[in-house]
Amino acid sequence: MPKERRRLRRAVTGWAFAAPFTVLFVVFSALPVVAALAMSLTDLRSTDLRNPFAVDFVGLDNYTRLVGDELFVKAAGNTLIFVVVGVPLTMAVALASATGLNSGLLRFKALFRVGFYLPAVTSIVAIAVIWRFLLDPEAGLLNNLLGLVGVDGPNWLGDTSTALPSLIVMSAWRNFGFLMIVFLAGLQGIPVDLYEAATIDGAGRWQQFRGITLPLLRPTLLFGAVVTGIGYLQLFEEPFVMTRGGPLSSTLSVSYHIYNQFGFGNYGYAAAASYVLFVAIVGLSVLQFRLLGTRGDS
Amino acid sequence: MTRHRRLATVVAIAAAMALAAGCGRDSGGEQDTAKAVGAGKATGEITVWAMGTEGEKLAEFAKGFTAENPDAKVTVTAVPWDAAHQKIAGAIAARQTPDVSMIGTTYQGEFAKTGALDPTPADLFAKDSYFPGAWDSTVVDGTAYGVPWYVETRGIYYRKDLAAKAGITAAPKTWDELKAMAKALQTKAGAKWGINLQPGKTGSWQSVMPFAWSNGATITDGDKFTFDSPAMTEALAYYQSFFTEKLAPTFLPEGQLEPDFVAGRIGAFMSGPWHVGILKDQGGAGFADKFTVAPMPVKQTGTSFIGGSNIAVFKDAKNRDSAWKFIQWLSKPDVQVKWYQTVSDLPAVQSAWTDPALSGDAILSTFGAQLKDAKAPPAIPTWEQVSAAFDSEVEKLAVAGQDPATTAKAIESKATAIGTGS
Numbered sequence: 014m015p016k017e018r019r020r021l022r023r024a025v026t027g028w029a030f031a032a033p034f035t036v037l038f039v040v041f042s043a044l045p046v047v048a049a050l051a052m053s054l055t056d057l058r059s060t061d062l063r064n065p066f067a068v069d070f071v072g073l074d075n076y077t078r079l080v081g082d083e084l085f086v087k088a089a090g091n092t093l094i095f096v097v098v099g100v101p102l103t104m105a106v107a108l109a110s111a112t113g114l115n116s117g118l119l120r121f122k123a124l125f126r127v128g129f130y131l132p133a134v135t136s137i138v139a140i141a142v143i144w145r146f147l148l149d150p151e152a153g154l155l156n157n158l159l160g161l162v163g164v165d166g167p168n169w170l171g172d173t174s175t176a177l178p179s180l181i182v183m184s185a186w187r188n189f190g191f192l193m194i195v196f197l198a199g200l201q202g203i204p205v206d207l208y209e210a211a212t213i214d215g216a217g218r219w220q221q222f223r224g225i226t227l228p229l230l231r232p233t234l235l236f237g238a239v240v241t242g243i244g245y246l247q248l249f250e251e252p253f254v255m256t257r258g259g260p261l262s263s264t265l266s267v268s269y270h271i272y273n274q275f276g277f278g279n280y281g282y283a284a285a286a287s288y289v290l291f292v293a294i295v296g297l298s299v300l301q302f303r304l305l306g307t308r309g310d311s
Numbered sequence: 007m008t009r010h011r012r013l014a015t016v017v018a019i020a021a022a023m024a025l026a027a028g029c030g031r032d033s034g035g036e037q038d039t040a041k042a043v044g045a046g047k048a049t050g051e052i053t054v055w056a057m058g059t060e061g062e063k064l065a066e067f068a069k070g071f072t073a074e075n076p077d078a079k080v081t082v083t084a085v086p087w088d089a090a091h092q093k094i095a096g097a098i099a100a101r102q103t104p105d106v107s108m109i110g111t112t113y114q115g116e117f118a119k120t121g122a123l124d125p126t127p128a129d130l131f132a133k134d135s136y137f138p139g140a141w142d143s144t145v146v147d148g149t150a151y152g153v154p155w156y157v158e159t160r161g162i163y164y165r166k167d168l169a170a171k172a173g174i175t176a177a178p179k180t181w182d183e184l185k186a187m188a189k190a191l192q193t194k195a196g197a198k199w200g201i202n203l204q205p206g207k208t209g210s211w212q213s214v215m216p217f218a219w220s221n222g223a224t225i226t227d228g229d230k231f232t233f234d235s236p237a238m239t240e241a242l243a244y245y246q247s248f249f250t251e252k253l254a255p256t257f258l259p260e261g262q263l264e265p266d267f268v269a270g271r272i273g274a275f276m277s278g279p280w281h282v283g284i285l286k287d288q289g290g291a292g293f294a295d296k297f298t299v300a301p302m303p304v305k306q307t308g309t310s311f312i313g314g315s316n317i318a319v320f321k322d323a324k325n326r327d328s329a330w331k332f333i334q335w336l337s338k339p340d341v342q343v344k345w346y347q348t349v350s351d352l353p354a355v356q357s358a359w360t361d362p363a364l365s366g367d368a369i370l371s372t373f374g375a376q377l378k379d380a381k382a383p384p385a386i387p388t389w390e391q392v393s394a395a396f397d398s399e400v401e402k403l404a405v406a407g408q409d410p411a412t413t414a415k416a417i418e419s420k421a422t423a424i425g426t427g428s
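In order, the protein sequence lines correspond to chains A and B.
Residue numbering for the first sequence follows this note's numbering, starting at 14 and increasing by one per position.
Residue numbering for the second sequence follows this note's numbering, starting at 7 and increasing by one per position.
Read the hints as simulated data drawn from the structure, not as lab findings.
Source: prediction; values computed, not measured.
For lysine-lysine, the following BS3-like pairs were computed, each having C-alpha atoms within a straight-line distance of at most 30 Å:
| hint | chain 1 | residue 1 | chain 2 | residue 2 |
| --- | --- | --- | --- | --- |
| 1 | B | K230 | A | K87 |
| 2 | A | K87 | B | K402 |
| 3 | A | K87 | B | K207 |
| 4 | A | K87 | B | K420 |
| 5 | B | K378 | B | K179 |
Next comes chain B alone, as it looks inside the complex:
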């Protein structure tokens, strides 16, 4: 009995090893080229996966599309964000993908590399009509897969009333002015913390990279990481100074930021457009007049981070042409505005921003202007892992006081060990 079992194990392992050894990577290098999309209206069933609020609201919203294309039917499956990566990865492995899926910008590199995404047909989509940073997030190895659907960016929220009390009347325009404002809010306006910046933890790279980009730093050059540069070190030193000078907290419990900002204990913080609604909810009547948003302060540039989500068609799509037509419809400026009015997703298409629904709002206009100077990290398959390493080094920098130059070197060596996945 034991001998049988042992034999079976040996055979199984040997078979597995033979299988593993018998196959190898092909050298690759083949360039994906986009095929043209047939003319005429969309027909047949288009299956779409979308996450979060988008997933809940898209089915109803797509009725506008089927009204124009009566022979088409859009079937939307709502996927929770937590399960999205797994579900899409599983679908790709089983070759059972939907026609269209929303693709988080951080998934883009990974899924495009599997070869599962269809290259964007250039005849349907004009690169220039999107925000450049958003378009770049769809490009993997020189080919665009899908288009940006909606975007978001970061700015500096601050208490107008407290700033006025501290003698500051204009929004901070430079790094020095931002630092000065944080100091003034703390010393003259009674805020416990002048500003809140993320002290490490998941996603803190989105707060640090804008300062690095503004100082001319880059993430990659070809297949090489370029984190270890004087520009990056200087940006890290600037970021760290907020913590060493006790202007920003090194620990803030989850959910504490908003009440503290409303109560004036935190004078400013860096975040995206979604905070406007949260602050208006929590601040109650009249609070909307007490805060505003400044664009990222300028060093060499005033570059921010651009996030959001892309939407793409799969190579295994059963209804490819109609799928692209659906995405083309979603990218129309007026549809993008309507989508903003439905779920508050900011349009990725630049011309949509001239609509009064967006241009009429002061804070939104600030974000709109910021989007023109906003960057995304390169769409490489290993970005999630590289950014996690980045985040843990930022935590050492902000909380444990690690030297900025050491931090830049550590990020560089960790990122290089992980590789760009190409």
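The following block holds chain A by itself, in its conformation from the complex:
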């Protein structure tokens, strides 16, 4: 049957083209993901390295243990705060600066664009060093400025109540540049005649922003929210280089906790925690699509 054969041939050709990606994906992505899932159902520890299959199947034990793990619960809370406060903050700052740059409020546009984007391309290690200087309780710029107006600044990174907020502000500063560029592109895609029409109808700047900019920017905002949300849920670098999760675990994130658990050699347990984080990320993305996605008017 020539038709059948032709179909087979096409399938083989198709798979041949797809093979390089498929093989890489299966070996380095799919397999580890499945292996990690299997691992999360066992009590595999680093002491089992020589005989990784000689472990016990423990079912969902690791997952139930997570719920009772004081540190995991604390880390989940910290991460939640970081996302709930950090994502809107970063997006608001990015949107404000993008709108400012787009509407010509600022002169030296190119300079500001580069300036705002620089943190996004700077190494986190360099940023950490600078911010630790800035936030130093004795010699830091911030507390010295506060001192000028007679305020005795706190020990930002050393105090349980200010450490996480400090990291949120730092992350917003570090990440808004990328979103700003994305939003700027989105803004430039909005036809100018809409604004002209609105101006003729007597709409003010704020009304234009709410009536034209926000609705038309919705897909861009959704993209920004999803990307930032995924990134922030995996919070790791900032506490790792700035606070080591301290003081008193007030900046411990879920990813950091997983990292620690892998370090302690609790492979099965850490894999379970990773899966919980994975599900949380999927959940957050779905939620954002629901909230910000197109509402049947596309």
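Assemble the complex: chain A is given as a structure, and chain B must be docked to it using the hints.
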């Protein structure tokens, strides 16, 4: 298409579960016994992994060994400390280990439990020639794996000149005297802080456990943790009192200790031998006369912490006998002294300390004497995790003012939840 994908996922998961379910732990219990090492000189290539400075300097140093054993060749791979645990763990999983590796004392329990380390042949190494605390750190479930290579311990550094100003002429010998000295340094000698003790964070157990050990507290009894004891609570209360009485800072930025000590803002601190060099560098000319080191103050005993590193042979070693001979050479007293002169690692072999290179130095002699009464935590695979829990409770104790008895109970319950990994 979707049905295919779903099917594939189901199959993969089922296969993985079957694999996981089909295998189980064997009950274990088999005792490792050391095999004898053949006589004669070492031959062939001996591959060695070492971390940090040791890794950089060992290749050159090993030429002394190959001069005595012309048929042998020592190949050293320097491994950065950050990557060491990962690299060794990976090598064990792949059964591609070197013949010999330096093993951090905190890795010992974990790697010995994997069954990857070769038991120490008793005919080559005499247990008594090492510091007892150091030897204990190689023993897992009653069997020694590897030998101590170098050691370090903790003492109390203090400013002699400031102490004299405060009317203190002798080193503090008891807990009360240490407290009194910290107070005097602060009130009479103008130090902002009488003493610096680590207020939690990674490794603070190394500062707390010496006080606990000195008070007779223990970490384990068999497979059970024994953190929740009156002796531990009392030691924690003593440790906490330095913070509640504002004698010690609850927060000190990294790198601030040394300049503050040099400037006299901190009168004393607890640390190991490496600080001698740092202080001499930072203090400049003449500062060496202004400070000294006191051994741990006595309660029931004056026990300190013993750290350092072990060196071991892997079961999968290709050149096992020669590997052990290389370690035997490293353990010779005169080689240990030469190694000290090369990288400042303190000898783990007791008889090396009679060498004038070590016994001639007052501060080193203090550390040398302290090493005879110094303990290491039990070599259990979960120690890193237990100690991290310990550290976070110490932080609550020192910084947040958590009650000592509550702290001891919390450490005990967290440690028990983690288990001894046996």
